[in-house]
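Peer 1: Sequence:
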Amino acid sequence: MKLGRVQSIHDPRTLQLADYVSIASLPVPPSKESFETTASWPMLANNQFNCCTSAAAGHMVHHWTAANQRGVFLTDADIIRAHAQLTGDRLMDCVSMLAALKYWRNTGIGNHRIHSFVNARAQAGDQLRGIVHLFGSAYVGMDLPKFVLAGDPSGWTGIPWAIPDSVSDEDAAPQPANGHCVTAIGYGEDGVYVVTWGTFKTMSWEFYNRYSIELYAVLSPDWVCGDQVSPSGFDLLSLRRDLSLVQQASPASR
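FYI, in my numbering the residues of the sequence shown are 1 to 254.
Note that these hints are calculated values from the structure, not bench results. What you are looking at is a predicted structure, and each value in this text was computed from that prediction instead of being measured. Heads up, a few of these hints could be off.
As the list claims (entries may be wrong) - Between beta-carbon pairs, the in silico distance windows are:
#1 Glu170 - Asp93: 25 to 31 Å
#2 Thr107 - Gly71: 22 to 28 Å
#3 Ser168 - Ser204: 14 to 20 Å
#4 Thr202 - Lys146: 17 to 23 Å
#5 Arg121 - Pro176: 16 to 22 Å
#6 Ala39 - Asp152: 24 to 30 Å
#7 Val167 - Asn111: 40 to 46 Å
#8 Asn111 - Gly88: 31 to 37 Å
#9 Ala150 - Arg13: 38 to 44 Å
Stated by the list, open to error - Keeping only pairs whose Cα atoms sit at most 25 Å apart, straight-line, the calculated DSS-like set for lysine-lysine is:
#10 Lys32 - Lys102
#11 Lys146 - Lys102
#12 Lys146 - Lys32
#13 Lys201 - Lys2
Think of the CB as a built atom: it goes at the ideal place given N, C-alpha and C, for glycine as much as any other residue.
Using the sequences and the hints, build the whole thing.
Peer 2: If you want it as structure tokens, here you go:
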């Protein structure tokens with residue numbers, strides 16, 4: 001298994017979810033939300049290359065389209081092509097989430113482009129729950145601790161993403177060198193439901209609150225049906241109209 005996320009360079013033009021909407025002012029999301037969209041997930045080359053930022057995008061595309069009964073699977077070739085363009089064909093290089101999002105919006109990954117994206121506050125459960133409920137999934141950056149990357153990388157998928165009482169402070173500390181990007185597709189009282197390395201995992205809320213470092217909501221046409229309403233009942237057209245007003249004042253998302 002590989003990782004692949006480096007910290008995004010701050011861009012003051014990036015839209016902020018808090019500037020657009022107060023999560024606290026929205027209807028409270030259900031205590032548990034998870035669209036059962038697939039029984040198995042593809043690896044998307046993240047066992048070969050440091051392409052987690054593109055692989056997570058590919059998992060989001062499948063989750064969105066499966067919720068709308070289409071179920072598009074991007075291929076390893078789609079992800080490798082995007083990662084190669086982002087890194088100048090240096091496939092073992094890592095990529096920031098912000099760079100991947102801008103590429104996804106401007107160029108597309110596997111012929112799927114997004115409309116826009118907004119940055120949100122990581123380590124805040126209400127932000128993540130609101131994003132998953134409204135946008136179908138969340139793009140999450142982590143600084144993983146040593147204990148979940150112990151031993152043979154082929155066994156990383158089987159290590160629970162919960163903090164054991166027995167782990168040492170050193171092994172439990174967030175590691176910026178272990179930057180990773182995952183797709184959050186649901187949540188419940190037991191934690192956040194994520195996809196990474198071709199595996200569905202439950203991440204405890206304690207784990208999320210300690211190791212999440214970046215969080216984005218992604219606005220995609222794949223998350224809506226022909227009537228422009230998402231499976232969660234969110235009105236895409238209204239949001240796009242509002243975003244266009246924000247973009248007139250901030251050129252970041254053009």
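Peer 1: Take the C-beta atom of Ala39 and the C-beta atom of Asp152, compute their distance, and say whether it sits inside 24 to 30 Å.
Peer 2: Between Ala39 and Asp152, where Cβ atoms are some 26 Å apart, the hint holds.
Peer 1: Determine whether the Cβ-Cβ distance between Ser168 and Ser204 falls within the hinted range of 14 to 20 Å.
Peer 2: Holds: the Cβ-Cβ distance is about 18 Å, inside 14 to 20 Å.
Peer 1: Would you say the C-beta atoms of Arg121 and Pro176 sit inside 16 to 22 Å of each other?
Peer 2: holds (18 Å)
Peer 1: So if I understand the rule, the pair passes when the alpha-carbon distance is 25 Å or less; does Lys146 with Lys102 pass?
Peer 2: Not OK: Lys146 and Lys102 at ~30 Å, beyond 25 Å, violated.
Peer 1: Need the status of pair Lys201, Lys2: alpha-carbon distance at most 25 Å?
Peer 2: The hint holds at about 16 Å.
Peer 1: Quick one, are Lys146 and Lys32 close enough, alpha carbons at most 25 Å?
Peer 2: With a Cα-Cα distance of about 29 Å, the restraint between Lys146 and Lys32 is violated, given a limit of 25 Å.
Peer 1: Please test the hint of 38 to 44 Å on the beta carbon pair from Ala150 and Arg13.
Peer 2: Given about 39 Å between the Cβ atoms, the range holds.
Peer 1: Hint check: Lys32 vs Lys102, CA-CA at most 25 Å. Holds or violated?
Peer 2: Distance ~31 Å between Lys32 and Lys102 Cα, so the pair is violated.
Peer 1: Note whether the CB distance of Thr202 and Lys146 lies within 17 to 23 Å or breaks it.
Peer 2: At roughly 20 Å between Cβ atoms, Lys146 and Thr202 fall inside 17 to 23 Å, so the hint holds.
Peer 1: Is 31 to 37 Å a correct range for the gap between the Cβ atoms of Asn111 and Gly88?
Peer 2: violated (22 Å)
Peer 1: Evaluate the given range 25 to 31 Å for the C-beta pair formed by Glu170 and Asp93.
Peer 2: With a Cβ separation near 28 Å, Glu170 and Asp93 satisfy 25 to 31 Å, so the hint holds.
Peer 1: Can you tell me whether the CB distance of Thr107 to Gly71 sits inside 22 to 28 Å?
Peer 2: holds (23 Å)
The structure does not agree with the numbered hints 8, 10, 11, 12 stated previously, though it agrees with the rest.
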